[in-house]
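Peer 1: Sequence:
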Amino acid sequence: MDHIIVGVDTHKANHIAVAINGNGARLDTMTIPASR
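To convert, count from 1 in the sequence shown and add 8; that's our numbering.
For the record, the hints were derived by calculation from the structure and aren't laboratory data. Every residue gets a Cβ at the ideal spot worked out from N, C-alpha and C, and that includes glycine. If a hint is listed, it holds; no wrong ones were tucked in.
Label pairs and their calculated CB-CB ranges:
1. Gly15 / Ser43: 19 to 25 Å
2. Met38 / His11: 18 to 24 Å
3. Thr37 / Asp10: 17 to 23 Å
4. Ile12 / Thr39: 15 to 21 Å
5. Ala42 / Asp10: 27 to 33 Å
6. Pro41 / Val14: 15 to 21 Å
7. His11 / Ser43: 29 to 35 Å
8. Ala42 / His11: 23 to 29 Å
9. Asp10 / Met38: 17 to 23 Å
10. Ile40 / Ile13: 17 to 23 Å
11. Asp10 / Pro41: 26 to 32 Å
12. Pro41 / His11: 24 to 30 Å
When you get a sec, could you build the whole thing from the sequences and use the hints?
Peer 2: Here you go:
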């Protein structure tokens, strides 16, 4: 079974999420505007 790890870095203006596989290779990155 392959593992996928997702990390999220939250900031005042944007949230950034990154997905990597079990070998540490980046699969995808997404930037999402933070809303109040």
